[in-house]
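2 protein chains.
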Amino acid sequence: MLRLVSDRAKRLLFSSSSSVLTITSTSARMRFFSSSSTDKTTITSPVTVETINPKIVKCEYAVRGEIVTHAQRLQQELQEKPGSLPFDEILYCNIGNPQSLGQQPITFFREVLSLLNHPPLLDGSETHALFSSDSVERAFNILEMIPGRATGAYSHSQGIKGLRDDIASGIAARDGFSANAEDIFLTDGASPGVHMMMQLLIRSENDGILCPIPQYPLYSASITLHGGTLVPYYLDEATGWGLEISEVKKQLDDARSKGITVRALVVINPGNPTGQVLAEDNQKEIVEFCIKEGLVLLADEVYQENIYVDNKKFNSFKKISRSMGYGDEDISLVSFQSVSKGYHGECGRRGGYMEVTGFSPAVREQIYKVASVNLCSNIPGQILASLVMNPPKVGDESYESYSAQKDGILSSLARRAKSLEDAFNSLESVTCNKTEGAMYLFPRLHLPEKAISAARAVKTAPDAFYARRLLDATGIVVVPGSGFGQVPGTWHIRCTILPQEDKIPGIITRLKAFHERFMAEYRD
Amino acid sequence: MLRLVSDRAKRLLFSSSSSVLTITSTSARMRFFSSSSTDKTTITSPVTVETINPKIVKCEYAVRGEIVTHAQRLQQELQEKPGSLPFDEILYCNIGNPQSLGQQPITFFREVLSLLNHPPLLDGSETHALFSSDSVERAFNILEMIPGRATGAYSHSQGIKGLRDDIASGIAARDGFSANAEDIFLTDGASPGVHMMMQLLIRSENDGILCPIPQYPLYSASITLHGGTLVPYYLDEATGWGLEISEVKKQLDDARSKGITVRALVVINPGNPTGQVLAEDNQKEIVEFCIKEGLVLLADEVYQENIYVDNKKFNSFKKISRSMGYGDEDISLVSFQSVSKGYHGECGRRGGYMEVTGFSPAVREQIYKVASVNLCSNIPGQILASLVMNPPKVGDESYESYSAQKDGILSSLARRAKSLEDAFNSLESVTCNKTEGAMYLFPRLHLPEKAISAARAVKTAPDAFYARRLLDATGIVVVPGSGFGQVPGTWHIRCTILPQEDKIPGIITRLKAFHERFMAEYRD
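Line order of the protein sequences matches chains A and B.
Sequential numbering of the first sequence, starting at 1, is according to UniProt numbering.
Sequential numbering of the second sequence, starting at 1, is according to UniProt numbering.
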């Protein structure tokens, strides 16, 4: 069960819960009208919402919540009756899913995957006309890493050893500090790694996990599902979503005073949904804090390639801690990485890894055991994770095209971030911090009282009310800030920077027109 | 925490736990010798085995347990010092991982996956020289199902709708009863589906799940991880691992008398590790029983293609219940399917689905929410699941080769099962039931008292002792029966039928020679 430590947070953090996901109240063995059976029937099931695991009922995941369900309905309406709505397409800005909005995959990565899905291609004389020479070479090398060249077999539960070696080399090259294949656990995207660590650390609701607010709701959902307590620390919007150690310390002490054993600190860098990139000094403070307070540092570093400003760069927490002289013996640190983000955006491939350092062999053995219950992560995702951490190098045939594709995507994302940021800031009563990294804007809506009352009247959080009105008027799907948590009494939306660049001007025009009408209707 | 209801079971079901996974005892913030850091250091971590989630410590998964770790050590020894052991290769008969032992993938499936990993291939003039025409056509059709043709995007949380339609058609064709795409949840292999249902049904250790004993340890592990109680029912070895409703009823009543709310019945058909195929009448009894007792029926049907005897055929529980006139309104039924098994054996692809029928819309909404927290299963795995349920048809260019590959694999598996069964039955004091289906033999070892005492003397379960001796002498890796559960006082091993056919005679020779020496040493 999710317990929020701060009463202030408790009151409003997830105040829109009833709007995010509507739970039909039912009584035991009641008869239902089934929407799922082909012929409509009534259901008598021994299982009802009242008798399932209450942690599941409590869990929320706004990124795919009610607003998205509504968008899907509208999309169907558009297909069935074109011209029936005030827009002709739905623009999904709710989720970091680049390829769904037209971003193209990196050719080299896909060539290697294609070859390894059907290794007989490597022997075909026509193959060289269809694939680059370095993708063929890479596929051969990877095939040699796989026992029996069996790309269809379960691998070692941590993933194929040779791929983990490549990833460790990539980490070492990135950080300038050594990395070890034995520390890498390949996972189906970053999410299963997060779940695994929450499952490991949480024993009961008396165990707490410090999470930033706003946060990516995987964290709140996972803590809820595993029965722990989310201990919120607030990022400071006024300083560009700054992470103040004094705030973290205050919340930690508050939690401890309530009997909570705080086990870990989650840091998302670059920030989701907030888009800030942590400064090196700030990261050092965080490392010191975790060591001093005996906290595991859970570092969500899935946006490490997504940096859009010149004055910031990504530093992994492993690099920071090693540069401070701290080793495996000093800090328990888990870094999460994914193939879904970066310039590649291969969300559907479900590849990723966690680098687990600073745990005893006995605890690592337990992590290995949990990984082994699920046998292994998917092999194409494992391969892709190794490619992302070990892309083409200068001199490789694919290097030029790879590099052009990567730079094209990242520079376009930077331009889109800036255009949308400027657009939000041009709106009446809206302020928006810079997207330094990641894939999101998190503008604050200073909503008029009249709008807040109108939202309350329909039992909806004001930001959810705004998001719904925006969707109905423009087809643009954003997620209400209440799905991520926010300082009580403030209202935000999360909007991705992912629509293709040629669509951005149209989005801005629609957004501005909507906002003007909204303000005209509700201005106090 | 896993509680076993039957005291008899409690005593011995997992009696070899200490041998399956050795847990290093540690005290809080003790210093450890780390095997993971590149330079050996001592670890001070806020996390110890005593302070992690005790459900994880309790959980066991013998299929990748101590015996496999030992085998990996021996394999390394062989590589480093060839000729140093009495055998020259390790034969992994511990896990249903066909391609790791040389089984080749189905060409058509891999062609489609290869094309969809790199769709520009579909436009290449050389492509037709490398791929069959129906794989190109199928890849085109699947591409059209995917919004924006984006094979790298997250899909709908249940999986791509068009693929679910294909799977539903495949189920309908198999069963002769309609199936609905809305009921299909695509998953990364079958395991995440099982976890999802356990998470849904288990609220506390007072919730019980009826599981066959012997069982596939995913079930015991998942029940333990989710904090429930495994309620064992014993399969009857004397009748070919028969499932007697009277035994299930007895265990159900026993559990209820102890205050356990029994929520579901797990049936594995064809059986793992036991290899039996349920008769239709027996399945009807099970359906009636679940309806009468208000139990969800969790049907593990991942071996549905693996039937090796003429007098048995696979019937899904959905088909059985529908043929009895029971619909969605009468029985809550979940069927698990996987791309890892069958004739295709694509374990590393982590594809699968669960078909969820007979739950209220409100409960299904909760299942959908949990699925959405992890976004979606991997797209290549989703595609493969659709191919498995909708393979080439008569008249398609690939049909002949597909059909020859499939029949070749299945008939060879049947021959291997029979050869190994005969071999086990020829051993002194060993009896082995027929492998009617699935991928395993589960012979019973009637061990001499002297062997049992020798095992006890080294604090090992007698079957684990035998398995270890077998491995050390022959390189053959099998899993002790204690990892699956067995009637107390009986001892078994699970051995897959998966080594390639030309290796079977050698395996049998080594097995017989070992067993004779073992019996000569320990015969009473």
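Bear in mind the hints are in silico, worked out from the structure with no lab data behind them.
Some hints here could point you the wrong way.
A pair holds if it fits inside one copy or across any two, identical chains being indistinguishable in the list.
DMTMM-like cross-link-like pairs, simulated, lysine to aspartate or glutamate; straight-line CA separation at most 20 Å [to be verified]:
no., residue 1, residue 2
1, 393, 247
2, 319, 165
3, 161, 77
4, 503, 396
5, 250, 288
6, 292, 472
7, 393, 237
8, 161, 244
9, 406, 285
10, 161, 80
11, 459, 400
12, 258, 288
13, 450, 88
14, 459, 77
15, 58, 365
16, 406, 253
17, 249, 281
18, 406, 281
19, 58, 421
20, 434, 244
21, 292, 396
22, 312, 285
Computed from a predicted structure; not experimentally measured.
* Checked against the structure, which of the hints given earlier come out wrong? -> 1, 4, 6, 7, 8, 9, 11, 12, 13, 14, 16, 18, 19 and 21
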